[in-house]
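Q: Sequences listed follow chains A and B, in order. Its first residue numbered 595, the first sequence is counted upward by one per residue in the numbering used here. Its first residue numbered 56, the second sequence is counted upward by one per residue in the numbering used here.
The hints are simulated quantities; they were obtained by calculation from the structure and are not laboratory data. Heads up, a few of these hints could be off.
Claimed, not checked - Below, simulated EDC-like cross-link-like pairs (lysine to aspartate or glutamate); rule was C-alpha separation at most 20 angstroms, straight line:
no. : chain 1 : residue 1 : chain 2 : residue 2
1   : B       : 112       : A       : 724
2   : B       : 57        : A       : 727
3   : B       : 112       : A       : 629
4   : B       : 145       : A       : 636
5   : B       : 102       : B       : 84
6   : B       : 102       : B       : 140
7   : B       : 100       : B       : 125
8   : B       : 58        : A       : 678
9   : B       : 112       : A       : 718
10  : B       : 102       : A       : 718
11  : B       : 112       : A       : 727
12  : B       : 58        : A       : 724
13  : B       : 96        : B       : 131
14  : B       : 145       : A       : 728
15  : B       : 145       : B       : 131
16  : B       : 112       : A       : 678
17  : B       : 126       : A       : 718
Claimed, not checked - Calculated Cβ distances over 10 angstroms to all of chain B for the following chain A residues:
no. : residue
18  : 683
19  : 722
20  : 735
21  : 739
22  : 742
Since we're looking at a predicted model, the values are computed, not measured. Virtual Cβ for every residue (Gly too), placed ideally from N, Cα, C.
As a plain string of letters, each chain reads:
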Amino acid sequence: MQNNLPATQLVWNLGIRILHWTLAVSMIAAFATHESGSVWHEYIGYVALAAASIRIVLGFTANGYWRFSQFFRGISTTVQYAKDVVHKREKRYLGHNPLGGWMVVLLLADTMAAGLTGWLFTTDAFWGMEWLEELHEFFGTLIMPLLILHLAGVIFTSIRHRENLAAAMVHGRKKL
Amino acid sequence: MKKISAFLAASAVYFAASSAFATGLATCDSGPKSTWQPVEKLEAKLKEKGYTVRRIKEDGGCYEVYAFDEKGQRGEFYFHPVTLEAVPTKSR
Chain A
595 MQNNLPATQL VWNLGIRILH WTLAVSMIAA FATHESGSVW HEYIGYVALA AASIRIVLGF
655 TANGYWRFSQ FFRGISTTVQ YAKDVVHKRE KRYLGHNPLG GWMVVLLLAD TMAAGLTGWL
715 FTTDAFWGME WLEELHEFFG TLIMPLLILH LAGVIFTSIR HRENLAAAMV HGRKKL
Chain B
56 MKKISAFLAA SAVYFAASSA FATGLATCDS GPKSTWQPVE KLEAKLKEKG YTVRRIKEDG
116 GCYEVYAFDE KGQRGEFYFH PVTLEAVPTK SR
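Generate coordinates for the entire structure from the input sequences, incorporating the hints supplied.
A: Take a look at the structure:
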């Protein structure tokens with residue numbers, strides 16, 4: 595059968611997509627409910643913590659675009675990539691580019707930090723501890739600037755390479 | 056570079072603004088602080104009832120207490136700072 599659509603490849607499999615959107619929705623919902631001190635905030639936090647934990651385990655054990663070693667690059671490669679971006683000569687990556695890789699790690703780390711401090715605060719041992727509450731608030735507050743950076747990166751790269759990266763995280767496919 | 060500085064500045068303002076934090080489980084119409092009873096008195100009263108007090112702070116014009124009650128049950132309790140009466144909280 596003839597088709598004139600550009601060739602595409604499945605980059606984000608169903609598992610990555612489900613975890614991505616679970617994390618996105620749960621972290622935004624957790625942020626939205628943080629003032630109320632509600633049980634919902636607690637439950638939503640556990641969802642985010644579980645999703646981030648699964649993602650991290652798979653980052654070390656699964657293959658392909660799941661794997662941290664597939665996309666996580668050191669400082670010098672990442673700085674070089676950023677310089678290439680500034681000079682409009684960066685190469686296109688099918689998976690995460692080096693800056694995107696750092697974004698993934700920062701978002702996951704902050705989710706884990708916010709989730710773990712939040713959970714600890716509800717244990718008898720740490721109940722009412724002021725430093726822990728402040729630490730939890732710091733990590734919880736940090737998620738918004740990180741989210742804005744993430745969206746800025748997605749929009750910028752989408753425009754630069756003329757592809758809709760947000761849509762790719764929905765259907766999973768990218769142009770070759 | 057300008058965009059990065061602007062982003063960092065906006066983040067700093069946002070962090071400063073979000074530090075005022077209230078769990079807001081209750082509010083007390085408690086008037087000027089000069090009429091409030093000291094925290095120590097509330098703490099002593101709770102200890103007498105068999106509570107283990109972890110921390111007392113102000114929230115919504117009330118004293119907010121992180122403690123374990125006489126049965127060892129963990130809880131967040133609110134008290135009116137003038138009367139030291141327990142204030143019912145919204146259910147979580």
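Q: If a hint holds in the structure, say so; if it doesn't, say that too.
A: How the hints compare with the structure:
no.: 1; hint: B:112 / A:724; verdict: 10 angstroms, holds
no.: 2; hint: B:57 / A:727; verdict: 34 angstroms, violated
no.: 3; hint: B:112 / A:629; verdict: 16 angstroms, holds
no.: 4; hint: B:145 / A:636; verdict: 16 angstroms, holds
no.: 5; hint: B:102 / B:84; verdict: 25 angstroms, violated
no.: 6; hint: B:102 / B:140; verdict: 15 angstroms, holds
no.: 7; hint: B:100 / B:125; verdict: 12 angstroms, holds
no.: 8; hint: B:58 / A:678; verdict: 18 angstroms, holds
no.: 9; hint: B:112 / A:718; verdict: 18 angstroms, holds
no.: 10; hint: B:102 / A:718; verdict: 18 angstroms, holds
no.: 11; hint: B:112 / A:727; verdict: 12 angstroms, holds
no.: 12; hint: B:58 / A:724; verdict: 35 angstroms, violated
no.: 13; hint: B:96 / B:131; verdict: 18 angstroms, holds
no.: 14; hint: B:145 / A:728; verdict: 23 angstroms, violated
no.: 15; hint: B:145 / B:131; verdict: 11 angstroms, holds
no.: 16; hint: B:112 / A:678; verdict: 51 angstroms, violated
no.: 17; hint: B:126 / A:718; verdict: 13 angstroms, holds
no.: 18; hint: 683; verdict: 19 angstroms, holds
no.: 19; hint: 722; verdict: 3 angstroms, violated
no.: 20; hint: 735; verdict: 5 angstroms, violated
no.: 21; hint: 739; verdict: 5 angstroms, violated
no.: 22; hint: 742; verdict: 8 angstroms, violated
Hint compliance for this structure: hints 2, 5, 12, 14, 16, 19, 20, 21, 22 are not met, and every other hint is.
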